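**Q** Respectively, the protein sequence lines represent chains F and G.
Quick note: the first sequence uses this note's numbering, first residue 1, plus one each step.
Quick note: the second sequence uses this note's numbering, first residue 1, plus one each step.
Don't read these hints as lab results, they were simulated from the structure.
Please read these numbers as outputs of a predicted model, since none were measured by experiment.
Each hint should be verified, as a subset may be incorrect.
[To be verified] Some chain F residues near chain G, calculated using beta-carbon distances under 7 Å:
1) E92
2) E96
3) E141
4) F252
5) P253
6) S254
7) N255
8) G256
9) R430
10) D456
11) A457
12) Y458
13) E477
14) G478
[What the hints assert, rightly or not] Okay, derived cross-link-like pairs now, DSBU-like style, lysine-lysine, Cα gap no bigger than 30 Å in a straight line:
15) F:K91 to G:K433
16) F:K392 to F:K86
17) G:K433 to F:K161
18) G:K560 to G:K538
19) F:K133 to F:K114
20) G:K433 to F:K164
21) G:K560 to F:K86
22) F:K276 to F:K216
23) F:K461 to G:K443
24) G:K538 to F:K461
25) F:K164 to F:K471
26) G:K409 to F:K114
27) G:K560 to F:K461
We treat Cβ as the ideally placed atom computed from N, Cα and C, and that holds for glycine.
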Amino acid sequence: MTIQHIKCQLILLLITMILVSCGEQVPTDFVEAKDSLRVYPDYRGVVVPKNIAPLNFQVRNEGDAYAVIVKSDKKEVIELANATGKIQFDKEEWKELLQEASSLSVEVFVRQEKSWRRYTEFDISVVSDSIDKFVTFRLIEPSYENSSDIAIFQQDVEEGKMEKIVGNRYYVSNPGYRGAVCMNCHVAQLGNGENTAFQYRCNGGGMIVTYNGESKVVATKVGDMPSGAVYEKWHPTLPLIAFSNNTVRQLFPSNGIAKIEVLDFRSDLLLYDVEKNTIRYVLKGDDASETYPVWSPDGKYLYYCSTDTPYVVGVAHQYEKQKYDLMRIAFENDTFGVPEMVYNASAHNHSVAKPRISPDGRYVAMTVSKYGAYHYMHRSSDIALFDLQEQKFRLLDEVNSPSADGYVTWSSNGRWLMIGSRRDDDDHARLFFSYFDENGVAHKPFALPHEDPLFDAYLLKSYNCPEFNTKQVLFSEGDIYKLIAREAVVTPDTIGNFGEKSEADGVSGASIVDYRK
Amino acid sequence: MAQKREKKVAQKKTTSPKTNRLREFFASDLFPWVARGVFFLVAFILLGFVYDDVLTQYFERSYFLYDSEFAEEKIFRSGGLLVYVSLFLNQLFAYPLVTALFVSSLLVFLQWGFSRWLGENLFVTFLPSVLLLFYLLDVRYAIYWGASAYLWTPLLGLLFTFGVLELLRFCYDNCEKKSVLWIGEIFISALFFPLIGFFSFLPHIVFLVLKRKWFWLGLLLGLFFFEVWFVSDFYHEHYLYSVRAPFAQQDGRLFPWFAIVASLILPFLVFLNYNAKRAYWDVFALFCLISSLLVYVSLPANVNFRTDMNLLCLTEKHEWKKVLEKVKRLEELTHVQSSFRIIALANTGRLNSQLFNIPLPYKKHTEDDGSELFVATAYVQLYASMFSVASQMNMEQWTMFGPSNAGLKMFVLLSILTDNDRLARRYIGVMKKSAGLSDEAEKCENWVNDKPSFFQQRPEFMSLKNNQFVENLDVNAKSHLAYLLLSYRKLTEENMERRLLANLYIRSLDGFLQDFSMVRPDQYPVWPQYFQEAFILKALATNDLERLAKLPINKDLIHKVRMLVGVVQRAGDENLTSVARRVYPKYRNMYSFYYLFPDWETLPNLEVEKHE
């Protein structure tokens, strides 16, 4: 053995020692912590699917180093963190961990002034019911009237990666630009996730419909309609999109948590036939306002919310008298039947909004509040469930919070609820998933996981209009801009009585009556 | 260069027998340095001493986070790197003197750079520096037009240009195969375009023009337009945005002014024998240029915006007396200035004596620009104790003009006032990542953790908190002030007085009298004049003047009110506006004037004296 050889071996030994000393080490000498564990997001005691992305989190107990051990029956993962307390799991290790697991136990150690504390471990249950791979949502500043840099995003729930589908940068490409380019409500067809629709409000914009791989811009404000499409839903199997057109009004409360009250002056339901390029009224009239259309999974009913209390200008707190009931209307052979009451919410002195039918057709999940159809800023807003089989209404207390829980929707297998809630700070909406078991019981919701666990903590925008998707959105942001830039807006033919062209609003989309002017 | 100058001086000496010492000085090598020194001083004094308050506001309206997402969002767009650096440099505005020193030096350096390439033509070489100073002195541009992200981009771009030009000169002198250099230029231009936009091409265009390489220039220009198309598509930007990056869209609003300045100065240069008297014209042109700058910043619109800004600063610091002094010096008020005046009156207990002493009519900043309202509204609503609306308006400003340090601080303050600690902590978390607010974040965190100490340090906010309304009111322009003021949660003496004034504001004498019956007898040792007038007006309306004798009302005032009422009664068919115009100088500080001329807000221009 030459000296050179010995030198090489010594260097190798040194490198190995360094690597070992830098490796993952669990403290063996520790004391039990007296204070309670604080983690963000709170994943303690939640139920998660096997295909969920790593539940990265931040330990918020004071310390200068952190160690976390996550154990399943067959595997153990150790993660260390520096003073930031950010625990970020390796994706592959996490996948392996969840593969065979029915439950995970998480043990947290915090080091402060060279001594380690151990916190009582918490559990995470793992179920085999998978969650849809994608969610789409809009990110937008809360309680605003003007639009800034807003966009629709898609997040891969299995990978934790977020990407922009389409934004308004083309129009707001200057930070000092002051214009209103708004978009919202990206929805996909239940049976075919590649067929989608959303609103893009600007010159050359309208409802962007993607059907069988082709996109077009549809002007949904025709005839006497005071506004264009606002809330739209694809029929589960047919090339039909039901939508409401809402004349929206905003009020500004002086004090309190809700910074804005939104209400409809008037709203009607319409149907757009994508193949025939026709629009017709489903329900039209001044005696009632209908909104939030949603199809039953078999396509035989169109559910919606309705109120017969009009908004009267100038009467203080009159908007609090508007209470919406859950209604439905049968649909067969391209013909609508007669409206029928599903749940008479106003009789119980509350108001329901944003209904979503479970994929098995049994439940209607919705939001319920004291009044109105825009519950997203109401602290009283909760998630509720109406059992169509038992004809029973109940608040879903398992998932509700003291803050506004203003949005709910189902995964394609009906086992997961996605909830939009302002429980973090009463102002910014965040997304949560809740397992809905076969007994009709929901479990503690957990936050949408991100690669950076503090992503939501620093985000000064709200998640809005979230929807599950089984398939990735195929079109690109560039495709949409080119489509809009062409200004080739398709104007549908009208069927039935649309009266004279309305002068109320020149641009397709919800007409916001700015009565502060 | 010096030799040429000496030659010229020698020539002039031979042609002119008289020794003109001034001309010699102008033609000497010393003069450009003196001009630079003077320009440096002017810029330094303007920025560091005259506009120091404005620079502080630039800092307040700026926003920079040490955050990869923030960097990504700003950098990955045409000219994004320059915008990103510009946003970072905006944090310097927190220290106006340092900024003044830094900017003045850079502007002089810029002129020196130009003189190296264009010769000692002072006018041409100073032109860019003077125009860049325009950007910094224009309050509208940076704050009300929301273009603060672009304050530094032209300066940075030009400095980059000089750096590259020097490099090109070096390469040109040392490179034997010139075609390699031209190809290299094209490659480098294309490479930097996505980051610094137009400025990646500028030095190469200049160099190729100087070297008269027209083929390569054509190729470069062709590449520029191709790259604009490519990059705008890649970044999903508007084509025109990529062309002009990194200049602000709002720059277009300054062009008319630049055009006027240029059209005033250029004829002198073209027609008036410029070359023969070059030094004189240089000085004259520079004088015109700097004068035009000073005229521009003194335009009424700019002064108005600056006044708003000053009032906003004083209000933030709660310097109420200074607010009133500043307003007192104004001949007309805008709605925003009037709002700050009322806030200051309320905070100095002068509401009951000066609320209706309003100069008429309100003036407008410009016909089409309502942005001043958005900058100020959050503050106005905050001091009216309407925290939700203040927050809404702050968000409105946030989305319209972009995030700002001031906006972030306001969100934290409003969160504390509405007892929403979780929300305050979210904003404080963002503040900690901010380049300019990390110290402020620590202070705010202490406030959230120890609210009693916050209210002890800032008792005025406790007063605002106590003045909230009894319920959530629908606040909008159509809501009567009175409707709002009559709905206080607690009826303190202060609120009671506001209620009384609110009744007067809506001309409800009955409401006033009803509320006045609830006033504690010792609250007013002497009744405020407005209140006395309300009693007199009511007595005149009910023909019950005897009642006044039992009340502590000034007899001269009774006489004065009767005179005014008499004028109105005798006016008959005469237009009330012309009556108002006639009596305004005598009765302008009286509630009776406000009461009897309901259309006072829309009265045409009156001869306005300075109000008290």
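**Q** Now, for every hint given, state plainly whether the structure supports it.
**A** For each hint, the structure was consulted:
1. E92: At 23 Å from the nearest chain G Cβ, E92 of chain F fails the 7 Å test, so the hint is violated.
2. E96: violated, 29 Å
3. E141: holds, 5 Å
4. F252: holds, 5 Å
5. P253: Holds - the Cβ of P253 of chain F comes within 7 Å of chain G, reaching about 4 Å at its closest.
6. S254: holds, 4 Å
7. N255: holds, 5 Å
8. G256: Where the cut-off is 7 Å and the nearest Cβ of chain G is about 5 Å from G256 of chain F, the hint holds.
9. R430: violated, 11 Å
10. D456: Violated: closest Cβ of chain G sits about 9 Å from D456 of chain F, beyond 7 Å.
11. A457: holds, 6 Å
12. Y458: Result: holds, 6 Å to nearest chain G Cβ.
13. E477: holds, 5 Å
14. G478: Where the cut-off is 7 Å and the nearest Cβ of chain G is about 6 Å from G478 of chain F, the hint holds.
15. F:K91 to G:K433: holds, 27 Å
16. F:K392 to F:K86: violated, 44 Å
17. G:K433 to F:K161: Holds - the C-alpha atoms of K161 of chain F and K433 of chain G are around 23 Å apart, at most 30 Å.
18. G:K560 to G:K538: holds, 15 Å
19. F:K133 to F:K114: violated, 43 Å
20. G:K433 to F:K164: Status holds; Cα separation ~24 Å.
21. G:K560 to F:K86: Distance ~75 Å between K560 of chain G and K86 of chain F Cα, so the pair is violated.
22. F:K276 to F:K216: Answer holds: K276 of chain F to K216 of chain F is near 13 Å, not above 30 Å.
23. F:K461 to G:K443: Between K461 of chain F and K443 of chain G the Cα gap is close to 24 Å, so the pair holds against 30 Å.
24. G:K538 to F:K461: violated, 54 Å
25. F:K164 to F:K471: This hinted pair holds, its Cα atoms lying about 15 Å apart.
26. G:K409 to F:K114: violated, 37 Å
27. G:K560 to F:K461: Roughly 59 Å between the alpha carbons, so the hint for K560 of chain G and K461 of chain F is violated.
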